[in-house]
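Asker: So the protein sequences, as listed, match chains Y and C.
Positions in the first sequence are counted from 1; adding 56 to them yields the numbering used here.
Positions in the second sequence are counted from 1; adding 56 to them yields the numbering used here.
Watch out, some of these pointers could steer you wrong.
To be verified - Taking lysine to any residue pairs in the SDA-like style, the calculated list, with each CA pair at most 20 Å apart, reads:
id	chain 1	residue 1	chain 2	residue 2
1	C	K295	C	A195
2	Y	K198	C	L541
3	Y	K500	C	G282
4	C	K500	Y	E283
5	Y	K198	C	R190
Claimed, not checked - Some chain C residues flagged as far from chain Y (calculated, every beta-carbon gap over 12 Å):
id	residue
6	D76
7	P93
8	G113
9	G135
10	Y143
11	E156
12	L202
13	N203
14	R298
15	P404
16	P451
Stated by the list, open to error - Cβ-Cβ distance ranges computed for the label pairs, FRET-style:
id	chain 1	residue 1	chain 2	residue 2	range
17	Y	E197	C	N203	17 to 23 Å
18	Y	T441	C	E442	54 to 60 Å
19	C	H130	Y	W386	45 to 51 Å
20	C	E375	Y	E378	52 to 58 Å
Everything labelled a hint here was simulated from the structure, so no lab data went into it.
Computed from a prediction, not measured in an experiment: that's the story for all the values here.
Beta carbons are placed, not taken as given, at the ideal position from N, Cα and C, and that holds for glycine.
2 protein chains.
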Amino acid sequence: MAEGIIRLHDSDNVAIALSDLSKGASAGGMTLPGAVPRGHKIALRAIAKGENIIRYGQIIGQATEDIAAGAHVHSHNLGMGPHSTDYAIGSESRPLPPLEPMSFMGYHRPDGSVGTRNYLGILTSVNCSGSVARFIAEAAEKDAELNAMPGLDGIVPIVHGTGCGMSGTNEGYQTLMRTLKGYARNPNFGGILLVGLGCEVMQVPDLVGQGRLRPDGNFRYMTIQGEGGTRATIDRALKTLREMAEIAGKAVRAPAPVSHLVVGLQCGGSDGYSGITANPALGHASDLLVRMGGTTILSETPEIYGAEHLLTRRAVSREVGERLLERIRWWEDYTARNDGEMDNNPSPGNKRGGLTTILEKSLGAVAKGGTAPLTQVYKFAEPITERGFTYMDSPGYDPASVTGQIASGATMIVFTTGRGSVSGYKPSPCIKLATNSEMYGRMKEDMDINCGDILDGVSIEAKGREILEEIVAVASGKKTKSEELGFGGAEFVPWQIGAVM
Amino acid sequence: MAEGIIRLHDSDNVAIALSDLSKGASAGGMTLPGAVPRGHKIALRAIAKGENIIRYGQIIGQATEDIAAGAHVHSHNLGMGPHSTDYAIGSESRPLPPLEPMSFMGYHRPDGSVGTRNYLGILTSVNCSGSVARFIAEAAEKDAELNAMPGLDGIVPIVHGTGCGMSGTNEGYQTLMRTLKGYARNPNFGGILLVGLGCEVMQVPDLVGQGRLRPDGNFRYMTIQGEGGTRATIDRALKTLREMAEIAGKAVRAPAPVSHLVVGLQCGGSDGYSGITANPALGHASDLLVRMGGTTILSETPEIYGAEHLLTRRAVSREVGERLLERIRWWEDYTARNDGEMDNNPSPGNKRGGLTTILEKSLGAVAKGGTAPLTQVYKFAEPITERGFTYMDSPGYDPASVTGQIASGATMIVFTTGRGSVSGYKPSPCIKLATNSEMYGRMKEDMDINCGDILDGVSIEAKGREILEEIVAVASGKKTKSEELGFGGAEFVPWQIGAVM
Ligand SMILES: [Ca+2]
Ligand SMILES: [Ca+2]
Ligand SMILES: [Ca+2]
Ligand SMILES: [Ca+2]
Ligand SMILES: [Ca+2]
Chain Y
57 MAEGIIRLHD
67 SDNVAIALSD
77 LSKGASAGGM
87 TLPGAVPRGH
97 KIALRAIAKG
107 ENIIRYGQII
117 GQATEDIAAG
127 AHVHSHNLGM
137 GPHSTDYAIG
147 SESRPLPPLE
157 PMSFMGYHRP
167 DGSVGTRNYL
177 GILTSVNCSG
187 SVARFIAEAA
197 EKDAELNAMP
207 GLDGIVPIVH
217 GTGCGMSGTN
227 EGYQTLMRTL
237 KGYARNPNFG
247 GILLVGLGCE
257 VMQVPDLVGQ
267 GRLRPDGNFR
277 YMTIQGEGGT
287 RATIDRALKT
297 LREMAEIAGK
307 AVRAPAPVSH
317 LVVGLQCGGS
327 DGYSGITANP
337 ALGHASDLLV
347 RMGGTTILSE
357 TPEIYGAEHL
367 LTRRAVSREV
377 GERLLERIRW
387 WEDYTARNDG
397 EMDNNPSPGN
407 KRGGLTTILE
417 KSLGAVAKGG
427 TAPLTQVYKF
437 AEPITERGFT
447 YMDSPGYDPA
457 SVTGQIASGA
467 TMIVFTTGRG
477 SVSGYKPSPC
487 IKLATNSEMY
497 GRMKEDMDIN
507 CGDILDGVSI
517 EAKGREILEE
527 IVAVASGKKT
537 KSEELGFGGA
547 EFVPWQIGAV
557 M
Chain C
57 MAEGIIRLHD
67 SDNVAIALSD
77 LSKGASAGGM
87 TLPGAVPRGH
97 KIALRAIAKG
107 ENIIRYGQII
117 GQATEDIAAG
127 AHVHSHNLGM
137 GPHSTDYAIG
147 SESRPLPPLE
157 PMSFMGYHRP
167 DGSVGTRNYL
177 GILTSVNCSG
187 SVARFIAEAA
197 EKDAELNAMP
207 GLDGIVPIVH
217 GTGCGMSGTN
227 EGYQTLMRTL
237 KGYARNPNFG
247 GILLVGLGCE
257 VMQVPDLVGQ
267 GRLRPDGNFR
277 YMTIQGEGGT
287 RATIDRALKT
297 LREMAEIAGK
307 AVRAPAPVSH
317 LVVGLQCGGS
327 DGYSGITANP
337 ALGHASDLLV
347 RMGGTTILSE
357 TPEIYGAEHL
367 LTRRAVSREV
377 GERLLERIRW
387 WEDYTARNDG
397 EMDNNPSPGN
407 KRGGLTTILE
417 KSLGAVAKGG
427 TAPLTQVYKF
437 AEPITERGFT
447 YMDSPGYDPA
457 SVTGQIASGA
467 TMIVFTTGRG
477 SVSGYKPSPC
487 IKLATNSEMY
497 GRMKEDMDIN
507 CGDILDGVSI
517 EAKGREILEE
527 IVAVASGKKT
537 KSEELGFGGA
547 EFVPWQIGAV
557 M
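All chains, full assembly: derive it from the sequences and hints.
Answerer: Below, the structure is given as structure tokens:
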């Protein structure tokens, strides 16, 4: 960081102007040969024609002519050659040096996973049992016996809009099934009561399956039709919850290395600062956590589209790279059959703001994922089994993407926002990172960390460490702003794929 | 109704066996020449080869051979000739004789519509403002000033899972836009506060538009980002709601003819009795209401598929018939592009249960719509402008279908169920009709009327009149079972069409 410019990674050969800089101005020890608008790139040294342009430590294209130190770098001298769109699977998969893991205080589950919260969940198979799940939670809140039980973070209804009026065999059904099973198994739940209506397509027996849906066995289910209506269901559910709470309430927080954390990386309501403050800072935190053996999940496929090369190059194996490309092809088909198209090219507005290539634009989103090797690629809501930096396919739409990450096993979410998203995602706490100080000032009660001060000189490394420390604190029980406000009752949004019948 | 059989309409030439009848048994004054299983059809008189078979007062096919009085009518002697699949638009559009309208006590709105309830609604443009809408409603519940105001049925958050991660121009967007505007205008609301996040695709200014979203002007809006976060939004919303409640609370119930009622016809969790008890009884109630100048809405296109001839024949004009056929073609495309298909043919199980042709199967669902002429066909959530018996396109999926009907203007829902659906749909009360006495006995606290007693001798006409009287009572303020239980907080499910991005 030097007067008026910011370098986003040690290996970058360009920096970003933090304000409109005029010709002859001095920046980074250089005298600028021409004007550079705010948000645009400046060459940090002389760059020869054909050389890679590096931003976020990653290639965003090549110089199309010789570029002088301090010169403006944009469409006139930066292009994306065929090399930039070469998947080159694994070519930039460089393990990061390990770090001694920090530890947090978490709930140790029988399968070895460690939760950051200890909720009882009332999961629903279909919208038609949603109101009853809420009635049960309301009755539980007024239940003296349940309230006297220690050790629980609460009893949360998990309610959604689908589960029937759908084919019982297609991809949409399989995706919802994975999502519901994933919630049932998330380590932030100490027990799950599944409530169905009875006649829905998403049948409770199919969900429950043959084996143990939860490794601790603290799982029960019922249907409203089987119980004989609303009141009978509430009554039996309350009795059942008392038994389940007694088991779940025995859990106590104990030390665990952060290698047990699974953190979903998210952005929503992005702005021009997302790519230069909060996202790279979160990327640095992701790298630190991965170096300590932990797991992070990048998602939001429409936002990396056209720049999948950035991730295939970091893949640890050909198979992992191919899995990402298979997802990309799936999305092309998904949008085409819905009369849309995938398109993530920089818009005229993006270009005015200083984004030159699709690689650079996508890196603004991918920067959340740091620079660690990509260890595995998962479908939406598929269980995360590899540690390190991973990818789970999802829409960019925040509640759907987070829902998938939690179903995949995320016990925490870190969410960057420029416009100011307010949301929470029970059972997993969500840390909000503001990309700019103006919004942080206006929405302090909703934002956990201000990353806008990076523009005032705080380094991305220092901010990344601050984020990691907040992750550890929240994992150990500190409440996030959205938890304090009570968010999480509306944000369970399974990705609905296919026709509603 | 005669020993062991039931005739569903005066003009029917077949009746339905209510139990397994053996050869030689006497039924309807006839001696049966052969056995007839429960739920199957019996000829009420000799039927010549080629003659129409009439059930529910409508053609379900033709005799493929001469049939003796009392004989079993099924696949062996009943077929669907090409005539049965002739759209014959308007050929059976016979106006029903008018009846003197009953009256109800409703809320008269400035545009001439009459509501059955008087709620204040907190409508949301996107899932991302859903939790805040709920927080506002919770705060309102504890607000002394709001609680002291008379005349309101409550303040209800209208929360859903979509509104962003979508194209801002396509059919899915237009459908959601119609749905939200329709709720904002429903006469059961005395005022609407629209709460958005700010950066969503479904922009609040686009929703608000140029004109008056509500004829009474009792409409306000705000965004969380514009207000500066969660608490600031709740605070200003409370002040705003107090002003809105003062206006809305001035409404008082006054007499109105039932020609002002708009009733959504629904079924969910159907069983083998739906088509012989609750659905035809509801159809009779629909006919009575239409004869009094009122409006009913049939929906659930996948359930009438393949038997659209039943409705085109009742269309009042070629244009109305063509509109229905256009919707049918749209569904064929919608399911095809989602790797599915439309198929409503009787399954082997349906056939064992006594359903012979697709016309007959669909009539089980269409029977809810009685026999009145079809005055207009609407897209999902399009404003209903014609009186009489109308059709609004929707999925069969209950919460999505009802959401569309309420957006189209339904001020009440009547819902038949065999398996026992429990649900409510604020702001419109929902009367539940049980198709069988067994389920009614088990789920009495959720069911408003038992139609199972039709099997014990209550006539469809008497039951239809009972349903109409309940409609009038509920329209005048009597609470339904689902209202007493507090349903309606989870069942707003806009039909999501297209890719989630
Ligand atoms: Ca994003
Ligand atoms: Ca394009
Ligand atoms: Ca997002
Ligand atoms: Ca139905
Ligand atoms: Ca239905």
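Asker: All the hints need checking, so say for each whether the structure fits it.
Answerer: Cross-check of the supplied hints:
1. Our distance criterion of 20 Å between C-alpha atoms is met by K295 (chain C) and A195 (chain C), whose separation comes to about 11 Å.
2. A threshold of 20 Å between alpha carbons decides the hint, and for K198 (chain Y) with L541 (chain C) the separation of about 16 Å falls inside it, so the pair holds.
3. The straight-line distance between the Cα atoms of K500 (chain Y) and G282 (chain C) is roughly 14 Å, inside the 20 Å bound, and the hint therefore holds.
4. Annotation: proposed proximity of K500 (chain C) to E283 (chain Y) holds, straight-line Cα distance about 12 Å (limit 20 Å).
5. Taking the CA atoms of K198 (chain Y) and R190 (chain C), the gap is about 19 Å. The hint holds against a cut of 20 Å.
6. The non-interface label for D76 (chain C) is consistent with chain Y: the shortest C-beta to C-beta separation is roughly 25 Å, beyond 12 Å.
7. Listed as a non-interface residue, P93 (chain C) keeps its Cβ farther than 12 Å from every Cβ of chain Y; the least gap is roughly 24 Å.
8. Distance check for G113 (chain C) against chain Y: the nearest CB is about 28 Å away, which clears 12 Å, and the non-interface claim stands.
9. Its beta-carbon lying about 28 Å from the closest one in chain Y, G135 (chain C) satisfies the requirement of being farther than 12 Å from that chain.
10. The Cβ of Y143 (chain C) sits about 23 Å from the closest Cβ of chain Y, beyond the 12 Å cut-off, so the non-interface label holds.
11. Listed as a non-interface residue, E156 (chain C) keeps its Cβ farther than 12 Å from every Cβ of chain Y; the least gap is roughly 38 Å.
12. Once the 12 Å rule is applied to beta carbons, L202 (chain C) is consistent with being away from chain Y; the minimum gap is 20 Å.
13. Every C-beta of chain Y lies more than 12 Å from that of N203 (chain C), the closest at about 19 Å, which supports listing it as non-interface.
14. No Cβ of chain Y comes within 12 Å of the Cβ of R298 (chain C); the nearest lies about 22 Å off, and the non-interface call holds.
15. Every C-beta of chain Y lies more than 12 Å from that of P404 (chain C), the closest at about 17 Å, which supports listing it as non-interface.
16. At roughly 4 Å from the closest C-beta of chain Y, the C-beta of P451 (chain C) falls inside 12 Å, breaking its exclusion from the interface.
17. Distance hint check for E197 (chain Y) and N203 (chain C): the Cβ-Cβ separation is about 20 Å, which falls inside the suggested range of 17 to 23 Å.
18. Separated by about 58 Å at the C-beta atoms, T441 (chain Y) and E442 (chain C) satisfy the suggested range of 54 to 60 Å.
19. Taking the beta carbon of each, H130 (chain C) and W386 (chain Y) are about 46 Å apart, inside 45 to 51 Å as hinted.
20. At roughly 54 Å, the beta-carbon separation of E375 (chain C) and E378 (chain Y) lies within the given 52 to 58 Å, and the hint holds.
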